[in-house]
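Visitor: Construct the complete structure from the given sequences, taking the supplied hints into account.
First to last, the protein sequences are chains E and C.
Just so you know, we're using this note's numbering here: the first sequence kicks off at 17 and counts up by one.
Just so you know, we're using this note's numbering here: the second sequence kicks off at 17 and counts up by one.
Calculated directly from the structure, the hints in this document are not laboratory data.
Check the hints yourself; a few may be wrong.
Repeated chains share a single entry, so a pair holds when one copy, or any two copies, can fit it.
[To be verified] Capping the alpha-carbon separation at 30 angstroms, the derived lysine-lysine pairs in DSSO-like fashion look like this:
| no. | residue 1 | residue 2 |
| --- | --- | --- |
| 1 | Lys247 | Lys437 |
| 2 | Lys362 | Lys247 |
| 3 | Lys113 | Lys264 |
| 4 | Lys403 | Lys471 |
| 5 | Lys264 | Lys37 |
| 6 | Lys403 | Lys388 |
| 7 | Lys97 | Lys37 |
| 8 | Lys437 | Lys471 |
| 9 | Lys471 | Lys241 |
| 10 | Lys359 | Lys406 |
| 11 | Lys97 | Lys73 |
| 12 | Lys362 | Lys264 |
| 13 | Lys420 | Lys437 |
There are 2 protein chains.
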Amino acid sequence: MLVLKHVPIRSFGENIAYIHKDCSIYKIDNIKALTRIEIHGGHQPVFAFLQIVDNNKIVRPDELGLNTEAFSQTGLPEGSKITLTLTPPAQSLAAVKRKIAGNILSAKDYEAIINDISAHRYSNSDIASFLVAVGSFVTPSEVLDLTEALRGDQSLDWGNEEIVTDYHCMDEIPGNKIDLIIAAIIAAYGLPMPKTVNSTGSSCTGVLDTMNVLANTDIDIRTFKKIVAEKRAAIANIDKIEICEADKIITAVENQNSLTTQERSIASLLATKMATGISHLLIDIPVGSRAKIKTSQEAMHLRKLIEYVSDMIGLNVDITITDGSEPIGNGIGAALEARDVMKVLKNKEDAPDDLKEKALFMAGRILEFDPKLRGGQGYLVAKEMLKSGKAFDSFEQILKKQGKKEPTQLGHLTRDIVADKAGKIARINTSLIGRIAVLAGAGQYAGAGIDLFHKVGDNVAVGDILYRIYSCNQNDFAFVSSVIESGKTGFDIE
Amino acid sequence: MLVLKHVPIRSFGENIAYIHKDCSIYKIDNIKALTRIEIHGGHQPVFAFLQIVDNNKIVRPDELGLNTEAFSQTGLPEGSKITLTLTPPAQSLAAVKRKIAGNILSAKDYEAIINDISAHRYSNSDIASFLVAVGSFVTPSEVLDLTEALRGDQSLDWGNEEIVTDYHCMDEIPGNKIDLIIAAIIAAYGLPMPKTVNSTGSSCTGVLDTMNVLANTDIDIRTFKKIVAEKRAAIANIDKIEICEADKIITAVENQNSLTTQERSIASLLATKMATGISHLLIDIPVGSRAKIKTSQEAMHLRKLIEYVSDMIGLNVDITITDGSEPIGNGIGAALEARDVMKVLKNKEDAPDDLKEKALFMAGRILEFDPKLRGGQGYLVAKEMLKSGKAFDSFEQILKKQGKKEPTQLGHLTRDIVADKAGKIARINTSLIGRIAVLAGAGQYAGAGIDLFHKVGDNVAVGDILYRIYSCNQNDFAFVSSVIESGKTGFDIE
Chain E
17 MLVLKHVPIR SFGENIAYIH KDCSIYKIDN IKALTRIEIH GGHQPVFAFL
67 QIVDNNKIVR PDELGLNTEA FSQTGLPEGS KITLTLTPPA QSLAAVKRKI
117 AGNILSAKDY EAIINDISAH RYSNSDIASF LVAVGSFVTP SEVLDLTEAL
167 RGDQSLDWGN EEIVTDYHCM DEIPGNKIDL IIAAIIAAYG LPMPKTVNST
217 GSSCTGVLDT MNVLANTDID IRTFKKIVAE KRAAIANIDK IEICEADKII
267 TAVENQNSLT TQERSIASLL ATKMATGISH LLIDIPVGSR AKIKTSQEAM
317 HLRKLIEYVS DMIGLNVDIT ITDGSEPIGN GIGAALEARD VMKVLKNKED
367 APDDLKEKAL FMAGRILEFD PKLRGGQGYL VAKEMLKSGK AFDSFEQILK
417 KQGKKEPTQL GHLTRDIVAD KAGKIARINT SLIGRIAVLA GAGQYAGAGI
467 DLFHKVGDNV AVGDILYRIY SCNQNDFAFV SSVIESGKTG FDIE
Chain C
17 MLVLKHVPIR SFGENIAYIH KDCSIYKIDN IKALTRIEIH GGHQPVFAFL
67 QIVDNNKIVR PDELGLNTEA FSQTGLPEGS KITLTLTPPA QSLAAVKRKI
117 AGNILSAKDY EAIINDISAH RYSNSDIASF LVAVGSFVTP SEVLDLTEAL
167 RGDQSLDWGN EEIVTDYHCM DEIPGNKIDL IIAAIIAAYG LPMPKTVNST
217 GSSCTGVLDT MNVLANTDID IRTFKKIVAE KRAAIANIDK IEICEADKII
267 TAVENQNSLT TQERSIASLL ATKMATGISH LLIDIPVGSR AKIKTSQEAM
317 HLRKLIEYVS DMIGLNVDIT ITDGSEPIGN GIGAALEARD VMKVLKNKED
367 APDDLKEKAL FMAGRILEFD PKLRGGQGYL VAKEMLKSGK AFDSFEQILK
417 KQGKKEPTQL GHLTRDIVAD KAGKIARINT SLIGRIAVLA GAGQYAGAGI
467 DLFHKVGDNV AVGDILYRIY SCNQNDFAFV SSVIESGKTG FDIE
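Guide: Next comes the structure, spelled out in C-alpha cells:
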C-alpha cells in the first residue's frame, strides 16, 4: 500500500501519477516509457500515466502523488492507503486502429471509445490519433454514432418547457457577439435559452470571454437552471456544467493540436446541445474566402450532414448560411465587444448596425420556432423587444443574477492605424484582422483588441483612422506594432 | 526574469515547465490549456509545455521549474536567470495537416518536421498525429525522404573499415536472440558489427534485455567505438549513443501508442543504421500467420520498399524471408534467452538447434558480404567460428569490455504446463506464448519468462512438461496462472 498525496500541478488534460524512483513497494527500475496505471482504493479505479520523481519533497518513497486532475477523481483524502496496478492500453484503441486503417466503425465502437475517454483511459496522444483517424474519413452514420456516444447519460431537464432554444455559429467571425443580444431578445420574449459556452480554442475571443467581462460565467448547474427558470436565459461556462465530459476532454486536445474537423464539430455541437436539453437550435454557417467554410457547396454539404444527424437524434434544427467575409461590429476583443453588445441593447445611436441587424435576423428566426408567431413576424417581434428596452432589462437582470462585474479598463497602450491613401475600402482581410487582435492580446487580456472605425464600402481620406489597437502590456504592443510596421494592416483601399 | 529550478520529474518524452500560479512575472490566470513556451537564457531556446503549480516546495512564484528532460537541454545551472515567451505551435505542423488531408509531402517538409521534433517543439499528441497521418498513406519516395530526414547530421565514422555489418529482424519472434550469436561469429571472423539496439516497445524481451543480463549495455559513444575497434563488435543501448535523436522521440510515442507501421519502421531502421555507420546490412523478414507480416506478398512488398530506399541512400542491404510461425530457442525472457545464447556459443549438447542453425545461416550470409569469401562458404566459415570456440572467446571478451554481469536468478515462482493428452504437437500459437511470457513478467523482470520443453513435431505423452513458467512476483504469477487455468496453453496436440 502507498500513501496518497496531492501534488498540486495542473496538467491540462492528462491524469499524472508521481512515484518516487526508490518507491518502497513497486520496482520502477525498468520503466522506460509512458506507463499506464490504475489506482485502487476509491469508489472506482482511477487511470493515470506514471512519471518518476527524484525528490522527497514532491513524493516520498512510500507515497504516490497525483496531479490535481487525477487526485480529484479519486474522491479520497490525502493520506489514504492505495494500491496500484499496471494497466494495458484501453481496449477500444483496437477500434481506433481499425479507423486508422480506413474502416467504418460501429455505434458500439464509438460508445466504447467515448467511455474510455471519459474514464481518462486515453492519453492525449491516443485522443489525437483518434481525431486524425476520424478526421481523414468518416461516414454520416458514423457522425451520428459519434454524436450519440458523446451525448452521454447526463443531461439537463427543463421540465415541461416545450421549446428550449439556442443559437450557434459554426465559425469565429471577429467581433460576432450577437449571441448575447439574441439571448436578451429571446429571454425578453419569454422563451428559454440556456446557453452553455466553450472557452475558445484558438484565435479570437469567444462568447464566453465577452460575457465574462459583463458577469461571472462560472456558475454551477443549480444556479444555471434557477436563472433560466426565473429570467429565461443564462450564459454559462460549459466546463462548470457536468455534461458531455468526454467531449470536453476531446475538445481540449483538438484545440491544443488544431485537429478540429467539421464532422467532429457537428458531433460535438449536437451532442452538447442535446445534453443541455435544447429542443430548437438555430445554426449559423458563415461562408467567406477567409472563413473556415469557404464555398457555398461546403456549407451545403455541412447543412445536409447537420440535418441528417439532428433529424435522427430528434433535435429541431434550422440552418442559415450567412456572409463570413467581414468582421461584425466594431470591437474585436472581449471588452470592446461587450461595449458593442451593450450599445445595441441600449439602442445607442453609434451602435454597430451590422451587429444589430444580424442579431435581429437570427433572433427573429428563433422566435418563429414558437407556433404562436406567424411566419415573418419573428424579425418584427425581435425589433420590438430591442426598441422597447425589454431586451436590455432582461439582460441586466441576467447579469445581476450571474454576478454583474465592474466595467473592464481598455488596454492603456494604443496605436491608431490610418489610411495612407484616399479612396473606398474595397476589402478587409478578416483573418488577418483577427490575428492582429490576438497579437495585441485579445483572448489573453479582456482589455486588449482592435476597434474598427471603418468597414467595407466606406470612403476614407488620407490620415483617417481605420482602427485603433489596444494592448495591455509592452510585449504584445511591441509585437503587434512590428507586424503593422511591416505593412500588413488588413485593409485594401482602392 | 525568473530563477531556473530543476524539478526532478521524468516525464518520458515531453519537456514540461512548471510555473507557480501566482508567478511574480507572468500572468497565468487565463491559461486554460496546454501552452507552449520558449525558455531563453541558455545557448539556444528550449521549448516546453507549461503546467501550473500551487505549492512553493515545487516552485516558488519567482521560479520556473523544468522537468529533468527540459532542464538538461538548457545546459544552465539551477539559479540561472531566464525569461520565457509564449510560442505558437511548430510551423511544420502545417505540413502534418496537409498529410492528414491526404497530400504527398516533399523532402523539405519531412526535414522541417523532423527538425521541429528534434527541437522538442512537438507535443506527444503532435507526434501521434504525424504518425497516424503517415501511417494511413505514404509513397515510397516519401519513405525515402523521411529516412533522409531521420538520419540527421550526427553519424558514427568507422575510419577506413570497408565493410561494417549488422543484422536486423523486422519482427519480435519470441526467443529469437540470434543477434548475439551472430555478433560473436562475425567478430570472431574479424568483420566489425557495431550494434545499437532499441529497448523493446511492446511485448516480449528484445536483444537489449538479453544482452543486459550478460553485460552492461549503457555505454557511451567513445566506449562503444573503442570496443568495436578492439573486439570487432559491441551491443549498445541506442539511447546512450547520440544519433537520430528525433527518431528516438518518435519511437517512444510510437511504442506508447502502438502506432508502428512498416513504412515508418523501415525509415527508422535504415536511418539508424546509416547513422551508425553500417555499410552492409542483413534484414530478416519473418512471415507467419501470427507474426507481424502474415503473407509472402506482404513480405515481398516490404522487400521492394527496403531495396528502393536503401539503394537510394547507398546502403548495401541483403534481405531474407524466414519462417516466423514458431518461437525460436527454448527460453523466452531475458535470462532464459541469455542461457540459450550461451549454450549455443559453448557448443553445449542441449543447445537449441533451431537457434543455432538460424544464427549460422544468418551469420553465413553476412560473412559473404566479404569479397574474400566464395559464394556458399559463409555458412561453413560461421560453423567453424562457432565449433572452434572462437565465437565464444570473442563474445566473452566483448562481455568483459562492456562490463560482464553476475548470472541472473530465474524467477522463484514456477509452474509446469503438461500435456493433457498423448500425441504430436501440431501447432504452437506463437503470439499467445509470447503474451503468456509477458504476463509471467518477461520484459519487466529479467528472471521471468517461459522455458519450452517441446517444439512443433515432437511426440508427447500425457503428463509430459510442455513448458515451465517463471515469475518473480506473486501478482504476475497469479495472473498468468489464471490465464493458463482458463485453458489457454498455446499448444495444439493432435
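Visitor: Could you run down the list of hints and mark each one as holding or not?
Guide: Going through the hints against the structure:
| no. | hint | result |
| --- | --- | --- |
| 1 | Lys247 x Lys437 | neither (50 angstroms within a copy, 78 angstroms between copies) |
| 2 | Lys362 x Lys247 | within (19 angstroms within a copy, 87 angstroms between copies) |
| 3 | Lys113 x Lys264 | both (22 angstroms within a copy, 22 angstroms between copies) |
| 4 | Lys403 x Lys471 | within (25 angstroms within a copy, 89 angstroms between copies) |
| 5 | Lys264 x Lys37 | between (33 angstroms within a copy, 23 angstroms between copies) |
| 6 | Lys403 x Lys388 | within (21 angstroms within a copy, 98 angstroms between copies) |
| 7 | Lys97 x Lys37 | both (19 angstroms within a copy, 29 angstroms between copies) |
| 8 | Lys437 x Lys471 | within (16 angstroms within a copy, 88 angstroms between copies) |
| 9 | Lys471 x Lys241 | neither (40 angstroms within a copy, 69 angstroms between copies) |
| 10 | Lys359 x Lys406 | within (14 angstroms within a copy, 92 angstroms between copies) |
| 11 | Lys97 x Lys73 | both (19 angstroms within a copy, 23 angstroms between copies) |
| 12 | Lys362 x Lys264 | neither (35 angstroms within a copy, 61 angstroms between copies) |
| 13 | Lys420 x Lys437 | neither (44 angstroms within a copy, 81 angstroms between copies) |
Hints 1, 9, 12 and 13 from the list above are not met by this structure, while the remaining hints are.
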